[in-house]
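J.: In case you want the letters, here they are:
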Amino acid sequence: MSFWTRTARIAVGMVFLMLLMAILVEITPLGENLWMRVFFGISALNFTLRAAIPLVLGALSGILCERSGIINIGIEGMMLAGAFAGFVAKSSTNDWPLYLSLFFSVMVSLGVGGLMGLLHGTLSIRFRMDQIISGSVIIILAAGLSSYLYDRDAIAVGKFTTLPIPLLSEIPVIGPVLFNNPPITYLALMLVFVVHIAIFYTRWGLRTIAVGEHPRAADTEGINVNRLRYLNTMFSGMLAGLAGGYLVLEAVGQFQEGMTAGRGFISLAAMIFGNWTPFGALGAATLFGYTQALQNEFLMAGVTTIPRQFVSMLPYVVTIVAVSGLVGRVRPPAAIGKPYETEGGKS
Amino acid sequence: MLRVLLIPFLALVTALALGALVMLLFGDDPILAYQGLTQGAFGSGRAWSTTIRKMIPFILTGLSVAVAFKAGLFNIGASGQFVMGSVFSVSIGIHFEGLPMIIHLPLAILFGMFGGMIWGAIPGLLKVTTGAHEVIVTIMLNYVAALFGGWTVYAGGTQGQTPGPLWDRTARAISETPDVLSSAQIPWIFGPPYRVHCGVFLALLAVGIIWWLIYKTTIGFEIRTVGQNAKAARYAGIRVERTVVLTMALAGGLAGLAGAIETLGLNHKFAPEFGGQVGFDGIIVALLGQTHPIGVVFASFLFGALDAGAAKMQFESGVAADIIQVIQALVLAFVAAPLIIKAIFRLRSKGEEDHASSLNTNWGGS
Amino acid sequence: MNTPVLEVQQISKFFPAVVANKDVNLKLQSGEILALLGENGAGKSTLMNIIYGLYQPSSGEILVRGKEVRIRSPHDAIGLGIGMVHQHFQLVPVMTVVENVMLGSESVRQGLLDRDMASQRVLDLSRDYQLEVDPCALVEDLPVGIQQRVEIIKALYRKAEILILDEPTAVLTPQEIEGLFEVMDLLRKQGKSIIFITHKLKEVLRIADRIAVLRQGELVGEVQPKEASETRLAAMMVGREVMLQVDKTDAKPGALILETHDLQAKNDLEETCLNQVNLNVHAGEIVGVAGVQGNGQTELVEVLTGLRPLEKGRIHIGGKDLTNATPRQITDQGGICHVPEDRHSFGMVTSYSVADNLVLNSYYQPPFVNGVMIQRESIEENAKSLIQKFDVRTPSAQTPVGSLSGGNQQKMIIAREISRPIQLMIAAQPTRGIDVGSIEFIHQQIVAKRDEGIAVLLVSSELDEIMALSDRIVVMYRGSIFGEVSSKDATRKKLGLLMAGVQPNSESIHESSH
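Protein chains in written order, with our numbering: chain A, 22 to 368; chain B, 996 to 1361; chain C, 19 to 532.
In case anyone wonders, no lab produced these hints; they're calculated from the structure. Glycine included, each C-beta is placed from N, C-alpha and C at the ideal position. Incorrect hints may have been included.
To be verified - No farther apart than 35 angstroms at their CA atoms in a straight line, the calculated lysine-lysine pairs in the DSBU-like style are these:
hint, chain 1, residue 1, chain 2, residue 2
1, A, Lys359, C, Lys40
2, C, Lys338, A, Lys359
3, C, Lys284, C, Lys207
4, B, Lys1211, C, Lys407
5, B, Lys1211, C, Lys402
6, B, Lys1226, C, Lys40
7, C, Lys338, B, Lys1226
8, C, Lys244, C, Lys207
9, C, Lys266, C, Lys511
10, C, Lys177, C, Lys45
11, B, Lys1337, B, Lys1211
12, C, Lys177, C, Lys270
13, C, Lys270, C, Lys40
14, C, Lys207, C, Lys266
15, B, Lys1337, A, Lys180
16, B, Lys1226, C, Lys407
17, A, Lys359, C, Lys284
18, C, Lys45, C, Lys244
19, C, Lys402, C, Lys330
20, C, Lys40, C, Lys284
21, C, Lys284, C, Lys506
22, C, Lys511, C, Lys218
23, C, Lys40, C, Lys177
24, C, Lys266, C, Lys85
25, B, Lys1226, A, Lys180
26, C, Lys85, C, Lys330
27, C, Lys330, B, Lys1226
28, C, Lys266, C, Lys407
29, C, Lys330, B, Lys1337
30, C, Lys85, C, Lys244
31, C, Lys45, C, Lys85
32, A, Lys359, B, Lys1211
33, B, Lys1226, C, Lys218
34, C, Lys244, C, Lys284
35, A, Lys359, C, Lys177
36, B, Lys1226, C, Lys177
As the list claims (entries may be wrong) - Restraint ranges, calculated between C-beta atoms of paired labels, are given here:
hint, chain 1, residue 1, chain 2, residue 2, range
37, A, Met211, B, Ile1204, 34 to 40 angstroms
38, C, Pro413, B, Phe1340, 26 to 32 angstroms
39, B, Leu1000, C, Pro327, 29 to 35 angstroms
40, A, Glu278, C, Ser363, 56 to 62 angstroms
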């Protein structure tokens, strides 16, 4: 299981390419061309990163859950739940010192996300619900509860602001884009590395892979398959909750009903496109974030040749293309989707 | 027979009870709420007509999802297919002035169905040619359809973006189509204020046709066999790929029909806001109705009632209508995992029905 | 008297519908190979799963080295020095050998997996026990025989002193089986104790120190190999005199029914799995296709029945060219029937009734259909008559076929297939996992069809079945027909060599004393 999987290579390659182009646009006369600025300007890069973060977190959430064998299409719901919970926490602690209030709210997002993850796990494992339907339940429940409980008069005061990293943020072009970001953004990028190491280099990771590929083999070596799956769905929920927390506490600052707007589903696509690996997911999330950035850049640059609705369709169409395997085969964990029963073997 | 009805019934009752619990938890009065709900659904002639009227799209989207389930496919794309049905039907409905109703109306309806069929066939084709799982593709297509619908009636932006092809030029800043011509409107059974249109008949007709198709014909046998065991179906000579595409197209056509009927019978125009949540609702209706056409009718009646009563409930008791969505999520959970109900009510299980379905094979590609 | 290294006393295991083990008493001495013999469903694997902690006994005790123990999970079993090599390998295909061996007993350094140390241990073990493996190889790339070595190393890695081998020879060629026996010998010399589960009589006589026979969950008796014979063991396994041969007259081959030229096809992994296959079957003869599973037999059947596309070559059935025809075309125009090797996966729909399954591949033909509408009454009548004729034991024609026993399911499938007008029958593993009574019945039906003039192609990995039924035997190896033997000249030795890719004439064959 080498680091340099095909998708990881694509991811890193793409990122390098974009940064390179951005530098060129910034420094050389290339930047005078409108299209160059639209496609490779710093504004596009910034937007890409901001759009990619919830997708990265969502994809990591999906990876943790699905690698252990449980399909998770409920990321959208867990994200929304985390967003709403973070909002409620923040708007209830407006009178606290800002960073304490924000930190507390992030914890609440994580916690509620984790609860939703556990719910998904319980429905899928304990009650053997079809995992896609279980994910659907999470989505509807989160939407219903968050709308039902939403107090339209509540306001959250303050959100996370950028923390420039000394020295590194001075580097032309790359600096402001990569090293002048708010905390959850840094956290998300670090989590890519952390999850990668965890899956491929730790005991937990090896067992997770086994449980997702061939649970009976893991069981016969004394590994508690379902306990590991519960653990992973909980972590999965926490990451999705963090993504929701990012939306409210770092990106927007307030809650809006349905603010996740399909990001949970695009995260799924990023996970699949990235072949269930963290760096692959990073690459896919960056790509999808880039399409959203382009949409914005076109709008701001007054590009009217393509109707904006069609530009908005880009992430979804790219996703369909990705899932159709037109860009290479994707291989999900072999035992995914099937509930595991212990004393069920015959003979 | 009774056993089949027991789970859905208990699921509903338990969901309502849990909903009441949630309301109590957050300081609302469930009794008042449920009173308002029943009043809004059954309390008057107006209420009944609202219930019936709201039933129609549920019947058709529920059938759409149920038919797909029969073939082992998961159609989450009902809302996108619904939108395409609306757009296609309205495009006929607002043009061709002077066409007699006997041609205009069926043409518009059929074209709407056709739009839905295409939107259903695409994920079907992708599934059989590339192995792409229909859940992801249909979800993505939902968003594409919504955007497409938005484009067709776009009023034009402040930066000189061109308006959409179906936009009503007299509507100024509002993004919507002109009214559907009277020759393409579905006639009323009871006109305003009741507003029950003949779409009811179409929906019930669809139920009958689907029932006959699934249980009495060879096509239905093939669909069901593919759903139960695709390998055995292939061994038996059934062309599995063709069946999958056909079923998805049929499912799309049903949801598209729902959109067409709503547009031509009720709204008499198309605007992007119409038809948001139908997708997941269809899933719940299909499962609550045990994926059987008759069951779908009953489940739709229920959902129509819930929908009809929601506004009155909010008005009478101040409880946000969104609690209905929570209750629906609970119903879905209980119906999809009979084990929960059995655990709560200590029913003995038969064993076989409790296993997860085979809907999630080929997740992520072949 | 030495304390047995392992002993089970009065072990019983009840499942809701079946008694898997009843009052079993068994002792395993240190440094011995005990063979546990029994048919499919006799309770051998259940007993071993109890010892390995995968099941809990309903009653009874287990003693390890004289001390009573509770084995609640594989973890406990491993701790007691018990290791198990399963019939269906418990290996994760996408992980390497080392990762598979480590799984559950991972060595960790500074919080991270220590693959190097584990690799070293694997290499040491593979050297000490002559089980050559490459630690960094991906399991899915390894041939079956090597995968089995990984399974054994897994047990040894965890310091197993007691090894349970569950049907280890099912997927090996006769030569690989010899290799395995050499390893077992080595293990025995090093003081390990082995329980060897099998239903193959010859192996038991070859390698065991002692033989225990289970039948229907109970211990029927223990024998010394010296005192045993195949016939006696078979009788103990089955409970009555069993005909190891099928009564049949000589074949009278007629017209050429199945004719294939240079068949070539790819399998699901895009590898060539059929290579220049030429196979002919005449009316009134049974051609048996022998070979270890995985040498192309499955794909050959798929290609002949239209379930897999042919890359090159031609197929003629009854004179018609049916190359790359659809399954339905082949069934209708070729007049063939197919008894599939995996009835659960695709031979039937378990949730459908017996009646519906009986028309699974004829529902679209009159009298079962009128236009597009299904004719229920005709289907019911058909079911009644077939159930009676073929002795399918079922509460009713409406019963879901999934609740029938394996034997009755297979009888149902046979009923469906051979009651159609056919000229060619393709039967793949027709008696896999079935009770002896049903096996006899099915064999008789196959021979009866042959005598009616039907051409029969029999594909089976059970050499005994092939040798008992076939008039002509071909052996498949690595996707080609490697050799052909008439049934009169066929011996297990000859077939075994062919199955392993060795031409018998090029080997100096030692006459063994067994």
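J.: Against each hint, give a clear statement of whether it holds in the structure.
T.: Outcome of the hint check:
no.	hint	result
1	Lys359(A) x Lys40(C)	33 angstroms, holds
2	Lys338(C) x Lys359(A)	44 angstroms, violated
3	Lys284(C) x Lys207(C)	45 angstroms, violated
4	Lys1211(B) x Lys407(C)	28 angstroms, holds
5	Lys1211(B) x Lys402(C)	21 angstroms, holds
6	Lys1226(B) x Lys40(C)	38 angstroms, violated
7	Lys338(C) x Lys1226(B)	26 angstroms, holds
8	Lys244(C) x Lys207(C)	20 angstroms, holds
9	Lys266(C) x Lys511(C)	23 angstroms, holds
10	Lys177(C) x Lys45(C)	21 angstroms, holds
11	Lys1337(B) x Lys1211(B)	33 angstroms, holds
12	Lys177(C) x Lys270(C)	59 angstroms, violated
13	Lys270(C) x Lys40(C)	49 angstroms, violated
14	Lys207(C) x Lys266(C)	46 angstroms, violated
15	Lys1337(B) x Lys180(A)	46 angstroms, violated
16	Lys1226(B) x Lys407(C)	28 angstroms, holds
17	Lys359(A) x Lys284(C)	29 angstroms, holds
18	Lys45(C) x Lys244(C)	19 angstroms, holds
19	Lys402(C) x Lys330(C)	43 angstroms, violated
20	Lys40(C) x Lys284(C)	48 angstroms, violated
21	Lys284(C) x Lys506(C)	34 angstroms, holds
22	Lys511(C) x Lys218(C)	15 angstroms, holds
23	Lys40(C) x Lys177(C)	31 angstroms, holds
24	Lys266(C) x Lys85(C)	55 angstroms, violated
25	Lys1226(B) x Lys180(A)	55 angstroms, violated
26	Lys85(C) x Lys330(C)	64 angstroms, violated
27	Lys330(C) x Lys1226(B)	24 angstroms, holds
28	Lys266(C) x Lys407(C)	22 angstroms, holds
29	Lys330(C) x Lys1337(B)	56 angstroms, violated
30	Lys85(C) x Lys244(C)	32 angstroms, holds
31	Lys45(C) x Lys85(C)	13 angstroms, holds
32	Lys359(A) x Lys1211(B)	32 angstroms, holds
33	Lys1226(B) x Lys218(C)	32 angstroms, holds
34	Lys244(C) x Lys284(C)	48 angstroms, violated
35	Lys359(A) x Lys177(C)	33 angstroms, holds
36	Lys1226(B) x Lys177(C)	43 angstroms, violated
37	Met211(A) x Ile1204(B): 34 to 40 angstroms	57 angstroms, violated
38	Pro413(C) x Phe1340(B): 26 to 32 angstroms	29 angstroms, holds
39	Leu1000(B) x Pro327(C): 29 to 35 angstroms	47 angstroms, violated
40	Glu278(A) x Ser363(C): 56 to 62 angstroms	47 angstroms, violated
Figure legend: structure checked against the earlier numbered hints; hints not met, in rising order: 2, 3, 6, 12, 13, 14, 15, 19, 20, 24, 25, 26, 29, 34, 36, 37, 39 and 40.
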